[in-house]
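Heads up: the protein sequence lines correspond to chains U and W, in order. Letter by letter, the first sequence follows residues 16 to 526 of the numbering used here. Letter by letter, the second sequence follows residues 5 to 341 of the numbering used here.
To be clear, the hints were calculated from the coordinates, so they are not data collected in a lab. Fair warning: there could be bad hints in the mix.
To be verified - Selected chain W positions facing chain U (in silico; Cβ < 8 Å): (1) Q33; (2) L92; (3) R211; (4) M212; (5) R218; (6) L222.
Please read these numbers as outputs of a predicted model, since none were measured by experiment. Note that beta-carbon positions come from the ideal geometry of N, C-alpha and C, so glycine has one too.
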Amino acid sequence: MTAVGVEAVGIGKRFGAFAALSGIDMRVRPGTVHGLLGENGAGKSTLVKCLMGYYRADEGSFLVDGREAAISRPADADALGLGMVYQHFTLVPSMTVAENLVIARGQVPAVINWARERAALDEFMGRMPFPVPLDATVGTLSAGERQKTEILKQLYLQRRLLVLDEPTSVLTPQEAEEMLAVMQGLAHGGTATVVIITHKLPDVMRFTDEVTVLRRGRLAGRGATAGLSRSDLTSMMIGEPHAPARPERRGGAEAAIRLAVRRLRTTGGVGQHGLDIASLDVRAHEIVGVAGVSGNGQKELLEVLGGQRPFEGAVTVGGIPYAATRRQSQALHVRVIPEEPLRNGCVPGMSVVDNLNLRLFDQNDGGGSRRWLDAGGMRRRAARMIAGYGIRAASIDAPISVLSGGNVQRCVLARELDGDVALLIVANPCFGLDVKAVAEVRARLMAARNAGCAILLISEDLDEILELADRVVVMRSGRIVHETPAAGADPHAIGAHMLDAHAATPAPALA
Amino acid sequence: MPLLAILAATAVFCAFLLALGRSPASFFQLVWTGAFGSWFSWRNTLSRAAPLLLTALCVAVPAQLGLVVIGGEGALVLGGLSATWAGLQMGGAPGPVIQLAMAAAGAAAGAVWLGIVGVLRARRGINETVTSLVMAYIAIALFNQLVEGPLRDPASLNKPSTYAIPKAAVLPTLPGLDVHPGILIGGVACVLCWLLIARTTTGFAARMTGGNVRAAQLQGLPVAWLMVGACALGGALAGLAGMIEVAAVHGRANASLVAGYGYSGILIAFLARQNALAIMPMAVLLGGIGAAGGLLQRRMGLPDAAVLVLQGMIFVAILASETLYGRIRWFQPRATA
Numbered sequence: 016m017t018a019v020g021v022e023a024v025g026i027g028k029r030f031g032a033f034a035a036l037s038g039i040d041m042r043v044r045p046g047t048v049h050g051l052l053g054e055n056g057a058g059k060s061t062l063v064k065c066l067m068g069y070y071r072a073d074e075g076s077f078l079v080d081g082r083e084a085a086i087s088r089p090a091d092a093d094a095l096g097l098g099m100v101y102q103h104f105t106l107v108p109s110m111t112v113a114e115n116l117v118i119a120r121g122q123v124p125a126v127i128n129w130a131r132e133r134a135a136l137d138e139f140m141g142r143m144p145f146p147v148p149l150d151a152t153v154g155t156l157s158a159g160e161r162q163k164t165e166i167l168k169q170l171y172l173q174r175r176l177l178v179l180d181e182p183t184s185v186l187t188p189q190e191a192e193e194m195l196a197v198m199q200g201l202a203h204g205g206t207a208t209v210v211i212i213t214h215k216l217p218d219v220m221r222f223t224d225e226v227t228v229l230r231r232g233r234l235a236g237r238g239a240t241a242g243l244s245r246s247d248l249t250s251m252m253i254g255e256p257h258a259p260a261r262p263e264r265r266g267g268a269e270a271a272i273r274l275a276v277r278r279l280r281t282t283g284g285v286g287q288h289g290l291d292i293a294s295l296d297v298r299a300h301e302i303v304g305v306a307g308v309s310g311n312g313q314k315e316l317l318e319v320l321g322g323q324r325p326f327e328g329a330v331t332v333g334g335i336p337y338a339a340t341r342r343q344s345q346a347l348h349v350r351v352i353p354e355e356p357l358r359n360g361c362v363p364g365m366s367v368v369d370n371l372n373l374r375l376f377d378q379n380d381g382g383g384s385r386r387w388l389d390a391g392g393m394r395r396r397a398a399r400m401i402a403g404y405g406i407r408a409a410s411i412d413a414p415i416s417v418l419s420g421g422n423v424q425r426c427v428l429a430r431e432l433d434g435d436v437a438l439l440i441v442a443n444p445c446f447g448l449d450v451k452a453v454a455e456v457r458a459r460l461m462a463a464r465n466a467g468c469a470i471l472l473i474s475e476d477l478d479e480i481l482e483l484a485d486r487v488v489v490m491r492s493g494r495i496v497h498e499t500p501a502a503g504a505d506p507h508a509i510g511a512h513m514l515d516a517h518a519a520t521p522a523p524a525l526a
Numbered sequence: 005m006p007l008l009a010i011l012a013a014t015a016v017f018c019a020f021l022l023a024l025g026r027s028p029a030s031f032f033q034l035v036w037t038g039a040f041g042s043w044f045s046w047r048n049t050l051s052r053a054a055p056l057l058l059t060a061l062c063v064a065v066p067a068q069l070g071l072v073v074i075g076g077e078g079a080l081v082l083g084g085l086s087a088t089w090a091g092l093q094m095g096g097a098p099g100p101v102i103q104l105a106m107a108a109a110g111a112a113a114g115a116v117w118l119g120i121v122g123v124l125r126a127r128r129g130i131n132e133t134v135t136s137l138v139m140a141y142i143a144i145a146l147f148n149q150l151v152e153g154p155l156r157d158p159a160s161l162n163k164p165s166t167y168a169i170p171k172a173a174v175l176p177t178l179p180g181l182d183v184h185p186g187i188l189i190g191g192v193a194c195v196l197c198w199l200l201i202a203r204t205t206t207g208f209a210a211r212m213t214g215g216n217v218r219a220a221q222l223q224g225l226p227v228a229w230l231m232v233g234a235c236a237l238g239g240a241l242a243g244l245a246g247m248i249e250v251a252a253v254h255g256r257a258n259a260s261l262v263a264g265y266g267y268s269g270i271l272i273a274f275l276a277r278q279n280a281l282a283i284m285p286m287a288v289l290l291g292g293i294g295a296a297g298g299l300l301q302r303r304m305g306l307p308d309a310a311v312l313v314l315q316g317m318i319f320v321a322i323l324a325s326e327t328l329y330g331r332i333r334w335f336q337p338r339a340t341a
């Protein structure tokens, strides 16, 4: 297996009247790490889907190893050794990691010799930079572990060109660096050419050899990374050289504790941690960031605070025991913004208006509950939120699932930050959003904090926590293992606590 | 989409008729005559449609929460039986009082029966489709046991039945139409259910839960209560259908009550895409096809089951079209990719 080069020549792709790509040229030389950059909607995903045979390009052609390659279906890309790690996972949730790897092969014998496969997998896993438990059921893995498994799957299938779509967004800095270094090693060693789709400029600067930048479906620039600066890349991506301003932090934490968690325990399921948190406080005018490698109890903590998981111990809001019923959360002004808002916080089949009213559909604006829906009031409320948050929707009566990720997140923010908010619990609010939307979401959260809201920010993106939080706590194996003020905190020290760097093996992700 | 499915099912059924050596043209003409051709057939159609309206609601109401409850038959027979029992207890009372008591008893029996299904689903996560179906078999067995045992009128020899309900309790036909009032009750129930689902906050909460239960939980909605409530309401409506069958048609509870109305209701609810208002025309259509059964038997020598074959084919076609509907949307690439 040796790395292959790929060239795109004049690729164009239309969806109806919408030109997703036009005249794209990209040259990925064999044995290099190539960065494919652009904001969401710039056409990166469409371009690689054409390369992988999921879409058929309307114009232009692909050259693989200098020869024109007809790629009209995924099997063609497979045969050429082109592999893709998607943002959306392609594993079978009910099967184990080992089973997923073995069935991913093109030809699997009718009777699988598991002893032999197992030995081969153990040997393979030993060569890999990050461990994933082979016997864990994929459905019980967290997003980060699934992403790692996806990458391992492509390596296991011995691809000659790997396309990674935002591969580091759920990894710790150390893991991300390690993983990108491994990718670089694979590429420079001539094993596989690597194309990385990413927003993270530091990663691009450090680990890529060349870049191609797309903007609104057109080629915005390309060249050797060494000859480009960060501001060059930024201006190619968003058109004008400006980095989003850091949101201003005003005022300090108050003495009164808004959210208090004491002796919280939950029982763990298969492959999941039980929580065991002695004490966690969030004060008014304060953002507490919960850092940690995904799968260390963050999901469970969110479920406890959202009323979806039974627990022992005490959770109080403003001194009042809190059980997350509708009446309580409304009386105490507690809001929850879950990760992947379309999947967890919206009803995809309902309209934008209905989704903006999920929280207040049975209330009048002035207070007081309703038995009959107030269609006019709901529309007025939705219109106010759409204007206030700049939500772009072709029709407010269309299902919310047709909106882009950034606009869905805007809808959820508009709904949950509306009115008085005393306590906000938010998980991975910027996952999968483009540069502009990320800056906007973070500014909204900071504005809520500055207005006196207490915010518990659970995030797998350490940069985000360091940017927003006043105080950082680190979760590992369902416990809080480290706490530090965010100002002047050392990311590598936090990373060491996330990974349990004292132990012999990095991050035993499962109990 | 449902229209296409019906056309497809009709085409397959025509082939089936041709294979039997019968003319599809005369078949459909007879169905038309038997269902809607005369006032007599209209009357037959409407009295068959009456229980179908209610049993279809029994499917469509829980469907708002994403529950597939197919045990309306069980709620119907137990509703009919307990309504009969209530009517027999109240011998001397005035007619309307007995009728109200019977309706309450029928609805309560159905509500409890399917409420159990809702509790099992909400508390234990047991699949409501399976439990409701199995509970329907249990209900029918219980019904037969009681009708042939403790509640049997010894005078009913060939066809074990309960005692007849008091004459005063029999529902009078609608003035001037000679049709029993079930069709009116069913129609009103459809409109009320539509209002409940589409226009009230409770209905919104139910649709929200059906669309994404995680989002509903996060907003603190009482998901378990909504599930139990929707199942119980569906059961109450099917139980009411049983009461109407007893009070307006049979005058007593016997095996005629186990006529498959609960199962036809599933078909109608799916044809109507779980829309309470759309149930009305669909119930009349299916009631008409059922009403034509006798005529087909006499004129074409087709077995009674021929119309069941047609119903079955429509059902399969509808289910297939639901799947294809999703597929076709899935194939359309999103413009924002």
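Q: Hold the hint about L222/W up to the distance rule: shortest CB distance to chain U must be less than 8 Å.
A: Given a least distance of 5 Å, the restraint on L222/W holds.
**Q.** Proposed interface contact between L92/W and chain U, which counts if any beta carbon pair is under 8 Å
**A.** violated, 38 Å
Q. Does R218/W meet its interface restraint, that is, does its C-beta lie within less than 8 Å of any C-beta in chain U?
A. Holds, about 5 Å.
**Q.** Status of the Q33/W interface restraint (C-beta, 8 Å, chain U)
**A.** violated, 41 Å
Q: May I ask you to test the interface hint for M212/W with respect to chain U, counting a Cβ-Cβ separation under 8 Å as satisfied?
A: holds, 5 Å
Q: Would you check whether R211/W satisfies its interface hint, that is, whether its CB is within less than 8 Å of any CB in chain U?
A: holds, 7 Å
Hints 1 and 2 from the list above are not met by this structure, while the remaining hints are.
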